[in-house]
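As they're listed, the protein sequences go chains A and B.
If you're matching positions, the first sequence starts at 1 in the working numbering and goes up one per residue.
If you're matching positions, the second sequence starts at 1 in the working numbering and goes up one per residue.
Everything labelled a hint here was simulated from the structure, so no lab data went into it.
Certain hints may be false.
As the list claims (entries may be wrong) - Here are the simulated DSS-like pairs of lysine-lysine, each with C-alpha atoms no more than 30 Å apart in a straight line:
#1 A:K45 - A:K75
#2 A:K45 - B:K139
#3 A:K301 - B:K139
Claimed, not checked - Sample of chain A residues at the chain B side, in silico, Cβ under 8 Å:
#4 S54
#5 S111
#6 D187
#7 N196
#8 F244
#9 D263
#10 V268
#11 Y277
We put the CB at the ideal spot given by N, CA and C, even for glycine.
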Amino acid sequence: MSEQATASILELAAITKTYQVKQGMFAAAKPLHALGGVSLRINRKDVVGLVGESGCGKSTLAKILLGLEAPTTGKVLVDGAEIGPRERRLLARRIQPIFQDPYSSLNPRKSIEDIIALPLVVHNVGDHASRMQAVTKMLDLVGLPARVRRGYPSQLSGGQRQRVAIARALIMKPEIVICDEPTSALDVSVQSQILNLLGDLRQELGLTYLFISHNLAVVEHLATRVAVMYLGQIVEEAPAAELFAGPRHPYTQALLDSVLTPDPALSVPDTHLGAAYPNPISPPSGCRFHPRCAQARAACKTTPPPHVVGAGGHVDCHLYGAATN
Amino acid sequence: MSDPILSVHDLTIDIPMGQGTMHAVRGIGFDLKRGETLCIVGESGSGKSLTSLAIMGLLPKNLKRAASRLEFARIDLQHQKPRQMRDLRGNRMAMIFQEPMTSLNPAYTIGDQLEEAYLLHNKTGRAEARARAVALLGKVGITAAESRLSQYPHQLSGGLRQRVMIAMALMCAPELIIADEPTTALDVTIQAQILRLLADLQREMNMAMILVTHDLGVVARIADKVAVMYAGEVVEQGTAQEIFRHPRHPYTRGLLRCIPVPGKTKPGEHLGSIPGIVPSLIGRMEGCAFRTRCDVAEAACASAVPERHTETGHAWRCIHENEGHENEGRVPA
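Isolated chain A (complex conformation) (with noise of 0.2 Å):
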């Protein structure tokens, strides 16, 4: 394990994000808890796969991670050094994103290679010409002819859009990318090419990655770990092939239950998840996932779970508090 804590290389200690929300034109703002002490350790060459169903806090997450938010309260730590708001620009240079839309994440009205330039102007990196030859360098590592430099986003396909948006991302040579649903948007033969290019990526330039996604398939595909997300707390992290094999919280056994392998045999799956996703902004007592799970009992909806430590990872539930202790 210390050997771990040496390694990693972003750390989000307890972190909360708090909005404040109107709710009609005359009431008091309410505060919506979008994330309730989020604590998560990403280890270097590490693809931490961040699952759970919208409105759990992943997007706020990758936000205060891009420095695009700032968090309540909490910090965030760069090889343990803590990140303060001035070092935000800091933190841009390290950490960079590719989002889920590559027909809305590129500005239609700049050419190609001024679109993958912009973070080293941004930064004020180098030169025109020294810009213009690191995005040769990137058009060759994502896979995109020469000739496309020049063009503009609209006469590019799904797949090369999106990997035009990666290109932009690893120009800054940063050490983790940020990847929010990067293949959801598109074909499923582009998907995999899309994949396969991240995974290349990873291994040749030695990236860390957050991927975060719903599809659990490409995960379980990519992912070395696995952070479960339930209305702003993590409620279960562990080694992606331990979580799938064996899922602990009963919210993950869920979400792995809702995956639909392609298989004709089988049927569509009943998840037991009754009741819809509560509303974050009155979230229940106790464990917050109580009333749409199966196996809750009575402490459940009274007392928060506690925060089982297991060999890899962690669980935050009520079922493995009593084995453990």
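Following the hints, position chain B against chain A.
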């Protein structure tokens, strides 16, 4: 009742464009019986959504639809007046669209929108329509249905909105339901619930269903029959078993190799891919449209491609017989 409820033969859809005519759908056909589910699977631009719009008679006016046969419950859809089509649509055949946020009217309550079609097609009062709306909202798993009727779409979550869309499609107990990517915008947990719901309701009401999707996982779990579309053609058609266990067309095989399958693909290893891009559908097309991306293409692929059949009705368009069970290693047995 073995008569097909829907019969589509040689359907073509042409889109006039500045540079020529785009042949978006090129001679596709299928039959669908009551209680059957057909999944149309294909990538963007393959013509799957246009096909469903063509059946519903909802194509934009500048698009040209032609078919040797386009029948719903023995009604020739090609020679129906707009008024007659309106009587069918939302009544005997209904559609569920992908984006519930854009297909629900934000200015009307859920109740208004649910009741609208029912009042339009049935000579009944508002009370009866309301009762049916409440019953159906309950059926699609919405709690406190009564109070939902006065809510507006923005007050509901994505999953709830999609359930409302399904309830709306079911208001007049249609015989055919066409769902175009009904779960793509939803979370996996909600997706499973919605698909289960659709499958259950379809069985219960003995509806025929066409599900348009690009998600092979969904197809495998819900389809009786599968039609794989590529560049405006159905390149392979068969039962879910046939398509997933013994795919014959190189495109179908390629697609199945592209998706990671837990327990079958090794984590981190390269996934299969289909190189190249979909050809332009503008102008005259000859031969197999997939030949530029196909790894078993030959010179003969540039001329007419035969449609091959097995005795069970598994059909594919390829110059090759494509025997063998190449895909067996990849799909869990």
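Violating hint indices (sorted, rising): 2, 5
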